Amino acid sequence: MFLLAAEEAAANSWLYDNAWLIPALPALSFLLIIFFGKRLPNKGAEIGIAAVSAAFILAVLTTFTWMGDIRASFDKKEEAQVLTVDGEEAIAVVLTAEEGEVRGAPIINEVEWFGIGTDANRTTLGTEANGHGQPAGGEGETHADEEGHAEEKAFSISIGTWVDGQSVMMLFVVTFISLLVHIYSTEYVKGDRRYTHYFAFLSLFTASMLFMVLSSSTLQLIVGWELVGVCSFGLIGHWWEEKDNSDAALKAFLTNRVGDIGLLIGMTILYFAAGQSFSIKTINEMAVAGDISKGTLQIAALCLMAAVMSKSGQFILHTWLPDAMAGPTPVSALIHAATMVVAGVYMIGRLYPVFFVGFGIAGGTINVMAFIGGLTCVGGGLLAFVQRDLKKVLAYSTVSQLGYMVLALGMGAYTAGLFHLFTHAFFKACLFLGAGSVSHACHHSFDMKADMGGLRKYMPTTFATFMIGTAALAGLPPLAGFWSKDEILVGAGVWPGTEGNGTYTIPFIFGMLTAAMTAAYMTRAVWLTFFGDYRGHEEPHESPPRITVPLVILAFMAVVVGFFNMPKQFVEALRLPSRFALAFEHWVEPAGVATFVSKEANKFTHAKPSLSLAVVATGLALGAGFLVWNYYKRLYAMDPKATEYTNGLASRIPLLATGHKVLENKYYLDHLYTGVIAGGTKGPLARAANWTNQNILDGVVNLVGVTSVSIGRFVYRYIDQGVVDGAVNASGSAASSFGQLLRGMQSGQVRQYATLLFGAATVMVAVFIFAV
Amino acid sequence: MMNLVLQTALSDTGNWIANIFFYIIAAVAVVAALKMVTTNNVVHASLYLLVVLSAVAATYVILGAEFAAATQVLVYLGAIMVLLLFGVMLTRAKIGAETDLDYDQRWIGALVATALGAVMMYSLWEGFGDVTMPAEQVPQRTEAVADEIFSTYIVPFEALSVLLLAALIGAVVVARRD
Amino acid sequence: MFLNQFLFLAAILFCIGVYGVLTRKNGVLVLMSIELILNAVNINLVAFGAFHQHLSGQVFALFVIAVAAAEVGVGLAIVLLIYRNRRSINVAEANILKG
Amino acid sequence: MIELAYWQETILKLVFAFVAVLIPAGLTVNLYLFKMVSFMQSRLGPMEAGPFGSLQLVAEVGKWAQKEDIVPRRADEFVYKASPYVVLLSTFLLVLVVPFGPDAMFANFGTGIFFAMAVSSVSVIGILMAGWASASKYSLLGGLRAAGQLIAYELPLVLAVVGVVIQAGSLNLQDIVMAQHNGEIFGWGAIGNPFILTQFVGFMIFLIAVQAELTQTPFDMPIAESELVSGYMTEYSGFRFLLFFIGEFATANIFAFLGATLFLGGWSIPPFLMDIIPGLAPELDATGAVLSEGGNSAAGMSPWFNLIGPLVMLVKMLALTFIVYWVRFTYPRFREDQLQKFAWKVLIPISLVNIAVTGVLKVVF
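In order, the protein sequence lines correspond to chains A, B, C and D.
Going from the first sequence to my numbering is simple: count from 1 and add 1.
Going from the second sequence to my numbering is simple: count from 1 and add 147.
Going from the third sequence to my numbering is simple: count from 1 and add 96.
Going from the fourth sequence to my numbering is simple: count from 1 and add 35.
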């Protein structure tokens, strides 16, 4: 294919073609650490850091190259029109939105992994560079060719790398956070009995995650998916001597197996639906072109959704994620906040056409994905209120934020969802590592109520970075979370003036609620940890630089990454160059999606930003945060060491049997309710509900009950006793005597059963032979 | 020697030799099988089964399935029968006749088996009465069998390996003393 | 050579196996009769494979042999378990399922 | 070549099969059991019968043959009597597939080594039969031990052979011999490529497993005199004991023949010797490979090898049996659990790794 973008990138293609190096380096490091780690002066940590640094540098270079390529084609948008080459229409760049924004197509390099069959003309080994800028409309013919060629092959499976905006973004995130976590870990798990083992697993995890990110076929995706699951299992159970930890590891593993069944079934369905192809490209293109029936896609998407639910901690399969906090904190930051748990979100993005068509996202009002995402973000947020373990607050917050991403993708806000993934990775990693730092100071306790409080004086750096992370998570401008959260809310298409892919009213309400709740529970966590008086026993201390430096870097990132996707109006208002607007969208949104969400088909649009929505959402968050703050302030005034009111109203209302076992615990319920009622929002509501329940509902129920009792009496006396019972008794005794007859048949003797079986078979065969 | 049998059996002129061999083998197999189900000593029964299995292996050779024959010997004679003998001996098989090996009403079994046999033979006779085997038979090469297993039947093959693993674990779990 | 001569042999062995399954009380003997039945099936498979000049028959016979191995392993384990619990491998006594 | 009728060929082969089993068995018994063990124990051994006691074996056979053949009263007579023949049958079936020259072999199976592995397990049945039918606790225990041991070591034996099969690319023993004869090590083919060099791990596993399969010390629990009197052979006497005795040594020889075929180049001699000795050069086809016809990949080799080959094999066999008896006369006995552990936890894992490595290297080179 003769494409401008391809020419442009040819010079830089070394990085694309050798993207396999990025996962290969940590994989190599895993082997080296396993075999030689124990003998090295730093017990293998240096190998891990070196390998991940190298992978990080490669990832950064790839990212910049990618950005440069996109920029180059963006500048060429005037020239980039339809070309005709050899009588074949090929479109150089894909024009989607009204200004003709440019999308980069994936660069796929594949080699045959293994093949079966004796066909000599099997696919040629080596790299096969599929061109840049897959044409929007012209894929029909070219693909017919490729398909035809594929038919000749015997069964073969390819392994390859898929470089496009989405994967480049993840490469950057994974290597960046992994590197920081490696550095952080050298201090955090210092002197651990399985130090080498720990670093080996970190390396393996990094390799597997990168392998999964770069996968070009669904099979490869599954392999990577399972590998990260294994690493997660190994690292949650890092201190397996304690039963809780190994239980948590098992729970994570088993819960994920539930989703994996969905993954396997879904991928199998797609494999057969796409004409026996594992290629993500083929599957996506066929889904876009309507070559796979919508019903099939729907079933496949539902199955894959189960996998997303387990891996990305969506309700109701989220329960393993909070328990996974039993692992070391850096692991929680890397795996259970920033990277592995977003694998589900990543997969949705990777196979977005399947979900988009399968769930009918375009133009809808609600769908499974948006609903599950909404449920998760609200449910996770609520649960975060009642935790006394700082890491668990963050864990439920992660659940909630993952729900946010899924919600966004379910509403068709593709870029928003992935952008939130991107920003969330930084500030949540920052928060987790901050929590680790706090616990490092408080002698490895995460109990906010018993062992913390007033830490801001003792650990200023940690406090500052934690505050930045909190503000970013709560979505306060101009930090990262603000931009991504805002984009998601806009994407719902509910607020006047935003367009979007439909009108997702219920998800929007969920989203707004979550925005408020996030601010509230994070305020609570911050207050309990850093304000008030110190409630622990020993003097806390600031952590050493190997812990604080990653924190500062991550806090910095949490401040700046949001600016990658500023809305156009905002950029114009600040008089910045226009290319700063929606940069992330340009870079990340893949051509695979762009082809299918073409403007002509009018299926996919980007929502328009709305200043008023941003103001309202921020106000909501600030308000919620302020209410909680006020609550604790008053509490502090009563008793400096108190962490909750002792006689809350909630202990009397067992209303919240809403879904989670933790909420069944009176103590936590109490706290949640006091918190909310002090905020003055839910109290009257609950009372009103109670009143309605007691007076109206009960009245109706009683009425119905009385009526039915009298009817029942009548029926019993005249119909049941007389007519029905007579019939029943008769049939009963008939069945009983017949049963006595049959009882002889069931002797428990295998021989007798076998005799009957063979005899019956003989008779049947004879009947078939002679009678038919 | 056996390959000579094979070669001659599969050539045009050697048909009658193969036939003679086949009938001898078949007679041995049937007699041994009958003895197996009627003898009143468990070890004798297993040894008769051994004869039947060897005869079946010989039948495979006549049919040109050399690999299947070798597998039959390796798996059945070398493993399954040894296992069975093991089991028999571990469960204290007596030397000499045992009285309680059969049910009293053998005629039911005989009736069912005979009826089944009659029906099967009738249908076979109707279906393949005068169908002859292809005259020009080539022994099926092991290589070709391997190709077949690892291309067309790769999925059943993998499933089978999982089954064997499951059986292994199952057997250990069932027989374990705890 | 007729195809039927193999099929008849298989049919006869099959019926003898069925007779064994139906009349034997001893667990091991029942297992052996089942082996006989499987072998009869195998003869059919191989014979038809040779008849059609196709390898599938042989391949399936191999599969059946492997499955038989698994079956004997598990079956024998069960028999040994029964022996351990009841000091007898008489299947007639293993009738807890009696209705 | 002299063309023989089918019946002539068959009779000739039967005779030769007896020769191939019995002569080496007698040789090794005389050489190793009578003389070598004596020297290792600093004594002379038999000296009276024949020069340096070389006819001692004849005397022994005569002695055993005239002893009474006792069947214990409670024994299962038929099974008791049949079992030595089953053991010997396995030995004779084994020798069928061993090639002694380009044409000097009894049967050229496509699945030669697989067949050998299959029939080698038949002897277990004979042993179990003997153990059960003797109506003796020692015999039964010996039989069960033997069966457990033979099954356990059958696996590493087969797995060790798989490495060779992968490298040769064939199950046919003649092909394996030719693969070694024509092979090269890093482009140097003067001695061919006897697989002992490239499959040394497999060779060691093979030797150990053979030692166990033959129930030779240190793996002689089934017949351990000090524990089980003589295991499954306790009740046997006279001619039937002699059969077991022959079976033991003959099987050792056959396994050594197989080992020589698999790892030492079989009946072939190093290629550079063939260049030196006149009249031994093979007929080559256009591509420079040895002619092959009728499924026999060695058909083009000089017919003289039909005479030289058996002698070469004899020498190689004696070398391997020497190792077997050397170990036998040197080491003390394992314990039963150690034996099982050694098979399942050491030999099998190593042989699996060996297979994996061989497979990878086969693909790479």
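Errors might be hidden in some of the hints.
Unchecked claim - Taking beta-carbon pairs under 8 Å as the criterion, some of the chain B residues facing chain D (in silico):
id	residue
1	Ile172
2	Ala217
3	Thr289
The hints are simulated quantities; they were obtained by calculation from the structure and are not laboratory data.
Predicted model, so just to flag it, every value in this text is computed and none were measured.
Glycine is no exception: its CB is placed at the ideal position from the N, C-alpha and C atoms.
Each hint tested on the structure:
no.	hint	result
1	Ile172	17 Å, violated
2	Ala217	5 Å, holds
3	Thr289	5 Å, holds
Of the numbered hints given earlier, the model fails hint 1 alone.
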